[in-house]
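Residue numbering for the sequence shown follows the working numbering, starting at -11 and increasing by one per position.
None of these hints come from the bench; they were simulated from the model.
Heads up, a few of these hints could be off.
[Claimed, not checked] List time: in silico DSS-like cross-link candidates among lysine-lysine, alpha-carbon distance up to 25 Å:
hint	residue 1	residue 2
1	Lys122	Lys0
2	Lys0	Lys10
3	Lys122	Lys(-8)
4	Lys28	Lys0
5	Lys122	Lys10
6	Lys0	Lys119
7	Lys110	Lys(-8)
8	Lys28	Lys(-3)
9	Lys28	Lys110
10	Lys10	Lys(-3)
11	Lys(-8)	Lys28
12	Lys10	Lys110
13	Lys28	Lys10
14	Lys10	Lys(-8)
[What the hints assert, rightly or not] Have a look at the derived ranges for each label pair, beta carbon to beta carbon:
hint	residue 1	residue 2	range
15	Glu156	Gly93	28 to 36 Å
16	Tyr132	Tyr32	30 to 38 Å
17	Glu154	Asp92	38 to 46 Å
18	Arg126	Ala150	21 to 29 Å
All C-beta atoms, glycine included, are put in the ideal place defined by N, C-alpha and C.
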Amino acid sequence: MIIKARAGKGGKALAAYLTGGKNERAEVLEFRNMDAVSLKAAIYDMDILAEQSRCQNHALHVQMRAAEGERLSGEQWRDAADRYAAAFGLEEHQAALVLHSNPDGSTHCHIVFNRVHPETLKAADLWQNYKTHKTLARQIELDYGLQNVTNEKTQARDHSRAGRPETEQARRTGENIHDIRERIRR
């Protein structure tokens, strides 16, 4: 499973994105810790609460995706959202869960958490969230018997071309870049 998250300002653009793309069907699974009748209303409620705090990027947009060909039920996506909330202390925070379905039958889940706690108005700490994402993804994969998927880059870097430092050194010294690279390799 791949888990990614990004904190932003929320607003209409996020609501429009979550309501579905050209080839996706969007389904709101649930709203948490708020009474909202639509996704736009939920995002608006989060924005209003966040205005009472000093948090600049209150809307935590989380994306979860299983390996190609693997399907999770709505209940499994809800459980994954519960686990994410528990991992970051977001259980009492406002949240909206949206399931996107593609024409090929694959699904992925979007969760928008309000980082601002509804009572304390303090923002949740997301320090080094990528480590928690990795641990959580592996645990969900194990529990549901899913294929192990990583979002790490697996391709080796192409070292055959000169990088910026080498190019700049060649420009400064007036030397041939290939001579510099050869000298470095020795």
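Given the hint that Lys122 pairs with Lys(-8), does the C-alpha gap stay at or below 25 Å? 9 Å, holds
25 Å limit on alpha-carbon distance, applied to hinted pair Lys28 and Lys10: Between Lys28 and Lys10 the Cα gap is close to 18 Å, so the pair holds against 25 Å.
Evaluate the given range 38 to 46 Å for the C-beta pair formed by Glu154 and Asp92. 44 Å, holds
Taking 25 Å as the top limit, are the C-alpha atoms of Lys28 and Lys0 close enough? It holds: about 7 Å lies between the C-alpha atoms, which stays within 25 Å.
Is Lys122 within 25 Å of Lys10, Cα to Cα? Not OK: Lys122 and Lys10 at ~30 Å, beyond 25 Å, violated.
Check the hint pairing Lys10 with Lys(-8) against an upper bound of 25 Å on the C-alpha distance. 22 Å, holds
Is the Cα-Cα distance between Lys28 and Lys110 25 Å or less? 23 Å, holds
The hint says 28 to 36 Å between Glu156 and Gly93; measuring C-beta to C-beta, is that right? With a Cβ separation near 50 Å, Glu156 and Gly93 fall outside 28 to 36 Å, so the hint is violated.
Distance restraint between Lys122 and Lys0, which requires alpha-carbon spacing of 25 Å or less: This hinted pair is violated, its Cα atoms lying about 30 Å apart.
Need the status of pair Lys28, Lys(-3): alpha-carbon distance at most 25 Å? Cα-Cα ~14 Å, so holds.
When you check the alpha-carbon spacing of Lys0 and Lys10, does it fall within 25 Å? 17 Å, holds
C-beta pair Arg126, Ala150: status relative to the range 21 to 29 Å that was hinted: Taking Cβ atoms as reference, Arg126 and Ala150 lie about 38 Å apart, which means the hint is violated.
The structure is inconsistent with the numbered hints 1, 5, 6, 12, 15, 18, although it conforms to all the rest.
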